[in-house]
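Q: First to last, the sequence lines map onto chains S and B. When we follow the numbering used here, the leftmost residue of the first sequence carries the number 1, and every step to the right adds one. When we follow the numbering used here, the leftmost residue of the second sequence carries the number 1, and every step to the right adds one.
The hints are simulated quantities; they were obtained by calculation from the structure and are not laboratory data. Careful, some of the hints might be misleading.
Because identical chains cannot be distinguished in the list, a pair is counted as satisfied if it fits within a single copy or across any two copies.
Below are the SDA-like pairs computed for lysine to any residue, each with C-alpha atoms no more than 20 Å apart in a straight line [stated by the list, open to error]:
hint: 1; residue 1: K50; residue 2: N227
hint: 2; residue 1: K107; residue 2: H385
hint: 3; residue 1: K391; residue 2: V17
hint: 4; residue 1: K207; residue 2: Q380
Just so we're clear, the structure is a prediction, and the values are computed from it rather than from any experiment.
Number of protein chains: 2
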Amino acid sequence: MKAEIITIGDEILIGQVVDTNSAWLGQELNPLGWDITRITTISDQADEIKNAISDSSKRADMVIVTGGLGPTKDDVTKKTLCEHFGVELVFDETAYKNVERIFNFLKRPVTQVNKDQALIPANAKALHNNFGTAPGLWIEHDNTILVVLPGVPYEMKDIMTNEVFPRIMHLSGDVVAHRTLVVSGMPESVISEKIEQIEINLPTGIKLAYLPNYSVVRLRITGKGSNEEEINQLLNKTVVEIKAILGQFVVSDTDRRIEEIVGELLATKNKTASFAESCTGGYVAHLVTSVPGSSAYFPGSVVTYSYENKTDVLGVDADLLWNKGAVSQEVVEKMATSVRIKNATDYGLAISGIAGPSGGTKDKPVGTVWMAVSDINGVQSVEYHLRGDRKQNIERSGNLALEMLRKRVNEAD
Amino acid sequence: MKAEIITIGDEILIGQVVDTNSAWLGQELNPLGWDITRITTISDQADEIKNAISDSSKRADMVIVTGGLGPTKDDVTKKTLCEHFGVELVFDETAYKNVERIFNFLKRPVTQVNKDQALIPANAKALHNNFGTAPGLWIEHDNTILVVLPGVPYEMKDIMTNEVFPRIMHLSGDVVAHRTLVVSGMPESVISEKIEQIEINLPTGIKLAYLPNYSVVRLRITGKGSNEEEINQLLNKTVVEIKAILGQFVVSDTDRRIEEIVGELLATKNKTASFAESCTGGYVAHLVTSVPGSSAYFPGSVVTYSYENKTDVLGVDADLLWNKGAVSQEVVEKMATSVRIKNATDYGLAISGIAGPSGGTKDKPVGTVWMAVSDINGVQSVEYHLRGDRKQNIERSGNLALEMLRKRVNEAD
Numbered sequence: 001m002k003a004e005i006i007t008i009g010d011e012i013l014i015g016q017v018v019d020t021n022s023a024w025l026g027q028e029l030n031p032l033g034w035d036i037t038r039i040t041t042i043s044d045q046a047d048e049i050k051n052a053i054s055d056s057s058k059r060a061d062m063v064i065v066t067g068g069l070g071p072t073k074d075d076v077t078k079k080t081l082c083e084h085f086g087v088e089l090v091f092d093e094t095a096y097k098n099v100e101r102i103f104n105f106l107k108r109p110v111t112q113v114n115k116d117q118a119l120i121p122a123n124a125k126a127l128h129n130n131f132g133t134a135p136g137l138w139i140e141h142d143n144t145i146l147v148v149l150p151g152v153p154y155e156m157k158d159i160m161t162n163e164v165f166p167r168i169m170h171l172s173g174d175v176v177a178h179r180t181l182v183v184s185g186m187p188e189s190v191i192s193e194k195i196e197q198i199e200i201n202l203p204t205g206i207k208l209a210y211l212p213n214y215s216v217v218r219l220r221i222t223g224k225g226s227n228e229e230e231i232n233q234l235l236n237k238t239v240v241e242i243k244a245i246l247g248q249f250v251v252s253d254t255d256r257r258i259e260e261i262v263g264e265l266l267a268t269k270n271k272t273a274s275f276a277e278s279c280t281g282g283y284v285a286h287l288v289t290s291v292p293g294s295s296a297y298f299p300g301s302v303v304t305y306s307y308e309n310k311t312d313v314l315g316v317d318a319d320l321l322w323n324k325g326a327v328s329q330e331v332v333e334k335m336a337t338s339v340r341i342k343n344a345t346d347y348g349l350a351i352s353g354i355a356g357p358s359g360g361t362k363d364k365p366v367g368t369v370w371m372a373v374s375d376i377n378g379v380q381s382v383e384y385h386l387r388g389d390r391k392q393n394i395e396r397s398g399n400l401a402l403e404m405l406r407k408r409v410n411e412a413d
Numbered sequence: 001m002k003a004e005i006i007t008i009g010d011e012i013l014i015g016q017v018v019d020t021n022s023a024w025l026g027q028e029l030n031p032l033g034w035d036i037t038r039i040t041t042i043s044d045q046a047d048e049i050k051n052a053i054s055d056s057s058k059r060a061d062m063v064i065v066t067g068g069l070g071p072t073k074d075d076v077t078k079k080t081l082c083e084h085f086g087v088e089l090v091f092d093e094t095a096y097k098n099v100e101r102i103f104n105f106l107k108r109p110v111t112q113v114n115k116d117q118a119l120i121p122a123n124a125k126a127l128h129n130n131f132g133t134a135p136g137l138w139i140e141h142d143n144t145i146l147v148v149l150p151g152v153p154y155e156m157k158d159i160m161t162n163e164v165f166p167r168i169m170h171l172s173g174d175v176v177a178h179r180t181l182v183v184s185g186m187p188e189s190v191i192s193e194k195i196e197q198i199e200i201n202l203p204t205g206i207k208l209a210y211l212p213n214y215s216v217v218r219l220r221i222t223g224k225g226s227n228e229e230e231i232n233q234l235l236n237k238t239v240v241e242i243k244a245i246l247g248q249f250v251v252s253d254t255d256r257r258i259e260e261i262v263g264e265l266l267a268t269k270n271k272t273a274s275f276a277e278s279c280t281g282g283y284v285a286h287l288v289t290s291v292p293g294s295s296a297y298f299p300g301s302v303v304t305y306s307y308e309n310k311t312d313v314l315g316v317d318a319d320l321l322w323n324k325g326a327v328s329q330e331v332v333e334k335m336a337t338s339v340r341i342k343n344a345t346d347y348g349l350a351i352s353g354i355a356g357p358s359g360g361t362k363d364k365p366v367g368t369v370w371m372a373v374s375d376i377n378g379v380q381s382v383e384y385h386l387r388g389d390r391k392q393n394i395e396r397s398g399n400l401a402l403e404m405l406r407k408r409v410n411e412a413d
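The shape of chain S in the complex, shown without the other chains (with noise of 0.2 Å):
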C-alpha cells in the first residue's frame, strides 16, 4: 500500500522549520506496510492545497496532510477542502465536547475562534484530539483515504496513533523489514568496494543503502515481500555476510546512534563515565542523558568553559592553561582524569576545542579540537581538525568523543 504526505506550511518552505512529521510518518508507518512514496511541502494557498491533494490522491492508497488546521487566520486548510469537495462546513458536537474540555482544563473561557475549531468538512469524520482544539479529519473518497491531521508534532503524533493506526492496521498485506549495521571508521567507499560481490548479488526484494553521517556509515538494508519468516532469514543471511568482511568495523548490528551504543557497553561492563566538556558545551552530556537509563552509568559532568573554570573545578594549572592553551593535549588531557577522579568515575571524558566562528588563530585555526580519555590505566588523546561551521563542530566533536570513548571501553578488559 502506498502512502503520500502533504505538509501545508510557508514556514516549511522559508526554512524557518524543519519538517521532523514526515520523519516519524514514515518511520511508524513502514513497518505497518505502508511504502511513503512521496512528501510534498507545499503553502497554505488554496489552489496548491486542491492540486497537492488532486494529484498525491491518484497515486497513492492514502494521503496524509499535516497543517493548517490550527486556530488562527492563516490556516485555511478545511475551507479549501470543502470547496475540493463541493461541500459545506457543518458543526460536529464531539469535536466542540473536546474544545471544551480543554479549556476547562486551563481554566480559560472559549472564544468565537476555538469554538469554530469544531467546524468539519461535511463529508469527513472527525478525529478526537487529546492534546489540542483542533480535530483530524478522516475523508474516504474514490477508493482513496484522506487523513487531515494538525502540524504541533504532539498532537499529529496522538492522533495518528490512537485514531489512524487502528483504522489502517488490516488494509496492507505486504510485511516490510530493516535491518541496520552502523560501521565506523571506514568511509562509504571503501565499504562499498569491499562488499561489491555481496551488493551484486543481493537477492530479489532485499536492498543496500548507505548513510554516511559524521564519523559513522549506517547500512540500511531492506527486505520487503508477504513472507515474513523468508524475508527475515534472508535479511540475517545478507547481515552475516556483511558483517564478515568489515569485521570489527560494525560497531552495532541495529540502528542505534554512538550514544546508546557506548551506553549499553557501559552498562554491560558495570563501569561509568563522566565528562569534562569546553568546545562541545555540554553536548556530549546531553547525547548521553538522553538515553532512558543512562543514569546507570553517568553520575554527572561539568561543563567548563573559561580557563578560571578549568582551574577552579579540575584543578588545570593556571601556567599550564596561559602558556600551552585551553586548546592542548596537556589541558586536555589533565581535564580527563580530573574529571574521572573528581566524579570517582571508570572513564573520564574530555574535549576542548574551537568551534567557531570566533577564536582561531594561525597556529590553531577554528575546528582544532584536543579530547582525551582517561582511565584507570592512563590517559590517551588525539587531535582533530575539523572544517564546519560551528554547530558542526561541536555535534562533530561530540560524536568523535563518544567514539573514542566506545573503543577504549570496548578494548578495556
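Since the structure of chain S is provided, determine the placement of chain B on it from the hints.
A: Positioned in the frame of chain S, the structure of chain B alone reads:
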C-alpha cells in the same frame, strides 16, 4: 522567481533522517527574491526522479535536486538524468582533478568508484565541490535551471554558496523581507483575538503567520513587492502596531531562539549565569553555548545526575534528597544557589525533574519538573507538569528554564 526543491532519498521517506537541507535552501534563497513553492521528497527510483523533475520544471524557474550523487551503487541520479535528457555520461577533467585533490589530501589511492564521480551528463556543467568528490551539476533546459547537488549537507551548502548563488543573484527582481516577533507567555488563540483587527486590515503584500513552539509563539510578518523601501515601511508599521497591543509579551523583535535572547540580555547587562542540570542533562548548557560569544556570560556549569553527585558537587544535603526527593522545591533551590556561588556567577539556574519514560511515581509522575533561579536577592522556583516523551520533556524543560532566567534578568535593576 519560483524555485522547487526535489530531495531524493529513501532514508528520508522511511524517516531514518530528517531533511534539513531544504530548510537551509529556503532560508538562503528567500531573501534573494526566490519563492520556494514546493519541496518534493521521492525515492531513488529512475521513474520517480524523471517524473518529479519533469513536473517541477513545468512549474518553476529553477529546480534544485539534492541527494543521489554519492559514490555508491544506491545513487542513480546521474544515470537517470542522462536517460531523461537523452545524453551520455562524459568524463569531466576538472571534476576529476578535484577527486584527485581530495584523495591526495586523504593520502588514499583513487578507486574506480571514485573515478566515476568525474562522469557527468553531456548537457551539464560541473559545479566545484570543495568538500567532496561528487561535482554539482548545472543544466539549462526549456527556460528552467536544473541544479543537482550531493545530499551531504556541508557539500550541498558549499556548492550553493560558491557556485550557485553567484549565478542566480541577478535573476529575480522582487524583494522579500520578513520580521519576526517572539511572543512569550500568551497562547496562539489569545494573540489571534487580540490582534484580529490588525490582521483583517493588513496592507496588500503583507502576510502574517503564527509559529507556536514550546513556551513561545513566533509571529512572522512577510512583505513582498518591487519597492524595498515601501515593503520595509509597511513591515515596520505592522510591527509597531502589534507591539503596541501585545506589550511586554513580545520578548524579541527578531527571530531568535530563547538562548540567544537571554544571552544578549546577560551580555548587555554585563551579568553571568551558570547552571545545575539534572533531568535536562546538559541540554541547557548546550543551548547556551551554541551561541557564538557565550563565553562572555557563561563560565561553566554542572550536570549532577545522581544523588551522590548533587551532594558532592553542590552540597545538597543527603537527608534532604532522601526525604524530599531530587525532584523537589527544596533541592532545586539549593542547586540553583549553590551553583551560582560555586561558579561565582550573578545568576544560578537549576532544573530537576522526571523526563521519563521510567522514574515516575503516583505523587511525582513523569513530566514533573522543578526549576529555580537564584541571584543575590534570593531564589525563585516553579513546578511544571509536562506531558511529552523523554526528548520533549528535556527540550521543553530547557526552554522553560531559559525563559524563567530571561524574566528574572529582565526584571532586575
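Q: It remains to establish, for every hint, whether it holds in the given structure.
A: Here is what the structure says about each hint:
1. Within a single copy, K50 and N227 get their C-alpha atoms no closer than 38 Å, and across copies no closer than 32 Å, so neither meets the 20 Å cut-off.
2. Taking CA atoms no more than 20 Å apart as the test, K107 paired with H385 passes between copies only; the shortest distance there is 16 Å, against 55 Å inside one copy.
3. In this homomeric assembly, K391 and V17 come within 20 Å of each other (Cα to Cα) both inside a single copy, at 17 Å, and across copies, at 18 Å.
4. For the identical chains of this complex, K207 and Q380 are neighbours neither inside a copy (40 Å) nor across copies (57 Å), given an alpha-carbon limit of 20 Å.
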